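Construct all of the structure, not just a fragment, from the sequences and the given hints.
Protein chains: 2
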Amino acid sequence: MAQRRPTLPPALTRGHDHHQCVHDALVEAERLCAGRDVRLTELRKRVLELIWASHAPVGAYAIMDLLRGEGRNAMPPTVYRALDFLLEQRLIHRIASLNAYIGCTHPGDRHAMQYLICKTCGTVAEIDNPAIDEAIAVTTGGLGFAPDSQTLEVSGICRDCRDAAR
Amino acid sequence: MAQRRPTLPPALTRGHDHHQCVHDALVEAERLCAGRDVRLTELRKRVLELIWASHAPVGAYAIMDLLRGEGRNAMPPTVYRALDFLLEQRLIHRIASLNAYIGCTHPGDRHAMQYLICKTCGTVAEIDNPAIDEAIAVTTGGLGFAPDSQTLEVSGICRDCRDAAR
DNA sequence: CACATATTTGTTATATTATAACACTGTTGA
DNA sequence: TCAACAGTGTTATAATATAACAAATATGTG
Ligand SMILES: [Zn+2]
Ligand SMILES: [Zn+2]
Ligand SMILES: [Zn+2]
Ligand SMILES: [Zn+2]
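Here the protein sequences line up with chains A and B, keeping their order. The numbering of the first sequence is our numbering, which starts it at 189 and goes up by one. The numbering of the second sequence is our numbering, which starts it at 189 and goes up by one.
It is worth saying that the hints were derived from the structure and are not from the lab. Keep in mind that this is a model prediction, so the values were computed, not measured. One or more hints might be untrue.
Within a straight-line C-alpha distance of at most 20 Å, the following computed SDA-like cross-link-like pairs (lysine to any residue) qualify [to be verified]: (1) B:LYS307 <-> A:LYS307; (2) A:LYS307 <-> B:LYS233; (3) B:LYS307 <-> A:THR327; (4) B:LYS307 <-> A:THR328; (5) A:LYS307 <-> B:GLY330; (6) B:LYS307 <-> A:ASP336; (7) A:LYS233 <-> A:GLY223; (8) B:LYS307 <-> B:ASP348; (9) B:LYS233 <-> B:ASP272; (10) A:LYS307 <-> B:ASP348; (11) B:LYS233 <-> B:ARG278; (12) B:LYS307 <-> A:ALA325; (13) A:LYS307 <-> B:ALA300; (14) A:LYS307 <-> B:THR339; (15) B:LYS307 <-> A:LYS233; (16) B:LYS233 <-> B:ALA288.
Set out below in structure tokens:
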């Protein structure tokens, strides 16, 4: 059963152990891929790790530059194929309003995409509020619309940045 | 006071009088621009009209081609500047997941963007469900996140297309 | 009206994001 | 060993968007 109550996203927890975030994400990715019998190759794993470098989303060309900095001769298709794999396996998400990619904080669970995007620090927090899903379900149900995917992108300023500003 | 109850969006009303949609949108645009003391020039008005040609969103380059078909020598900046104006005046919205633009069905009211996007017919219905806004406000409030804009893009199949499929 | 000013549009060039097509390499399992 | 397939490399190009500057048009003022 999925978490049914909004929890504080790690991204919005000042001074959290981010090394742990990355580690957990990679371990979970390995586990999920093994269970699904798909291959998390070195390239795919490295791209996932680069995306997890922070809680701010990363563009495809930024990833390409990072790979090149490591001596890999990465061209766009190399990056986009790795991204496509990670998206298909739902290990990352694409933030449409930013054309950028971010690690999923609860892969394995199929879920709607809901983000809080801080315009100041760039941090994106994935949230999971069932009340939002339910409100959407009421509307779509009333209109006979059958949803199959959705993204909610809320742009604003996170608490840390607001605190810092005053 | 804004409409406080979900209503059936014109976009999802089969056989509605779309000519009336376009007419109303243009009249309302004229009125709003006059009130704001900004200029809805011929170009801007024509771009708005082209966007309102249907309830499916239109890409910037498609608009450019339409303008060229009318003898205007439109280059990308011409189109993007008109789009920027219409976006600023909130007469149109940009659908981030489609890189495309659609006429706003209730300009004048400041509102969050909430769309139902039919993958089959391409129709985008703008909805206005206060319960969604409230659910989002609860989460953002709890996290100390100050939202200033948001977009909800629900992709799926509309009732008409589902009916047609069976 | 003549003129200064500001806004809008035109034009050229380029940036950014993403995909198509085909070749090569490595893995897997007869 | 070999066939089949999955993954990656390589080249080229498509699709979306912006920068910079010039020309035209509208607006206000004397
Ligand atoms: Zn972290
Ligand atoms: Zn996720
Ligand atoms: Zn209509
Ligand atoms: Zn609207």
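Structure-based check of each hint:
1. B:LYS307 <-> A:LYS307: Distance ~30 Å between LYS307 (chain B) and LYS307 (chain A) Cα, so the pair is violated.
2. A:LYS307 <-> B:LYS233: Between LYS307 (chain A) and LYS233 (chain B) the Cα gap is close to 32 Å, so the pair fails against 20 Å, i.e. violated.
3. B:LYS307 <-> A:THR327: holds (18 Å)
4. B:LYS307 <-> A:THR328: Measuring from Cα to Cα gives roughly 14 Å; hence the hint holds.
5. A:LYS307 <-> B:GLY330: With Cα atoms ~19 Å apart, LYS307 (chain A) and GLY330 (chain B) stay inside 20 Å; holds.
6. B:LYS307 <-> A:ASP336: holds (10 Å)
7. A:LYS233 <-> A:GLY223: holds (16 Å)
8. B:LYS307 <-> B:ASP348: holds (12 Å)
9. B:LYS233 <-> B:ASP272: holds (13 Å)
10. A:LYS307 <-> B:ASP348: This hinted pair is violated, its Cα atoms lying about 39 Å apart.
11. B:LYS233 <-> B:ARG278: holds (13 Å)
12. B:LYS307 <-> A:ALA325: Holds - the C-alpha atoms of ALA325 (chain A) and LYS307 (chain B) are around 18 Å apart, at most 20 Å.
13. A:LYS307 <-> B:ALA300: Roughly 17 Å separates the two Cα atoms, so the pair holds.
14. A:LYS307 <-> B:THR339: Holds, at about 15 Å.
15. B:LYS307 <-> A:LYS233: violated (32 Å)
16. B:LYS233 <-> B:ALA288: Roughly 18 Å separates the two Cα atoms, so the pair holds.
Of the numbered hints given earlier, the model fails hints 1, 2, 10 and 15; all others are met.
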